[in-house]
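> First residue of the sequence shown? That's 1 in my numbering, and the numbers climb one at a time after it.
Hints may contain errors.
Simulated restraints on C-beta separations [said to hold, decoys possible]:
id, residue 1, residue 2, range
1, Asp177, Glu204, 18 to 26 Å
2, Ser119, Asp161, 32 to 40 Å
3, Lys191, Ala29, 25 to 33 Å
4, Asp177, Gly117, 46 to 54 Å
5, Asn116, Leu58, 26 to 34 Å
6, Ser69, Asp90, 17 to 25 Å
7, Asp90, Asp161, 28 to 36 Å
8, Ala151, Ala29, 36 to 44 Å
9, Ala197, Met106, 56 to 64 Å
10, Thr169, Asp148, 14 to 22 Å
No lab work stands behind these hints: they were computed from the structure. These numbers were taken from a predicted model, which means no experiment stands behind them. Beta carbons are placed, not taken as given, at the ideal position from N, Cα and C, and that holds for glycine.
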Amino acid sequence: MTRRVLPTREHGFTLIELTISLVLLALMASVLYGSLSLAGMSWDRGEAKAQQTSEMRLTEDFLRRTLTSQHPLRFQKVLEKPLYFVGTGDSLSYAAALPGRAGAGMYYFKIGVSPNGDSSRLTLSRVIPDYAATTLPDFGNDFSILADRIAEVRFAYFGRDPDAADTVTPTWRDRWDDPQRLPDLIRMDVKPASSAAWPTLVVEPRVALQVGCPNWNPAVRRCT
């Protein structure tokens, strides 16, 4: 008697099962790609935030160190000449000494903004003083970038009006016009183009050893 061998059935995916598998695989790939993209965007935002924080700290540290040790330097080192200090709403020029590790010596500094496309840059210029000059130096286009993509920079100055009595209450103003006295306080507000504003920086100038002012009165910050 001959035994009849039944054909074995080979198991495999049906068209529906294969379609479902491909759809699930595509969904998994989409989720993975989205996760990687999100991680990349988070990394970029983190780097941008770290860079902005670094720029802010370096700028504030430099301004605090130089502004608190600025010199009441006068043109030609003559008592009757005005102090080298020019403060406006969007720029600040002053004289200060740098420590040895940063190129020791007296310098004229200017902090301001320069256009850069749809935003601006916070810049620092410096020149070696020409003590024979009778006008402000030409800083030219040679500057260092303190911070990029800045929307606005505002300076303010706290003190009395020129020739005002010491009994007059000091106030904040957006420019400093007294050629004989430094402001009591200097304030700087920086608003980046795409992030939160920096914390307001307020500095009290500490007058260093006088230059060209034999009778400097530190109590009133004036040559007497």
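> With reference to the structure, classify each hint as holding or not holding.
Do the hints match the structure? See the list:
Between aspartate 177 and glutamate 204 the beta carbon distance is about 20 Å. The supplied range of 18 to 26 Å therefore holds. Serine 119 and aspartate 161 have their C-beta atoms about 35 Å apart, which keeps the hinted 32 to 40 Å range intact. For lysine 191 and alanine 29, the Cβ-Cβ distance of about 42 Å falls outside the hinted range of 25 to 33 Å, so the restraint is violated. Aspartate 177 and glycine 117 have their C-beta atoms about 33 Å apart, which leaves the hinted 46 to 54 Å range violated.
As the Cβ distance of asparagine 116 to leucine 58 is approximately 18 Å, the hint placing it in 26 to 34 Å is violated. The hinted window of 17 to 25 Å between serine 69 and aspartate 90 holds, with their beta carbons roughly 24 Å apart. The given range of 28 to 36 Å is broken by aspartate 90 and aspartate 161, whose C-beta atoms sit roughly 21 Å from each other. Roughly 40 Å separates the CB atoms of alanine 151 and alanine 29, a value that falls within the hinted 36 to 44 Å.
At about 33 Å, the beta-carbon gap between alanine 197 and methionine 106 misses the expected band of 56 to 64 Å. Restraint check, threonine 169 to aspartate 148: a C-beta distance of roughly 39 Å breaks the suggested window 14 to 22 Å.
Violated hints, in rising order: 3, 4, 5, 7, 9 and 10; the structure is consistent with all others.
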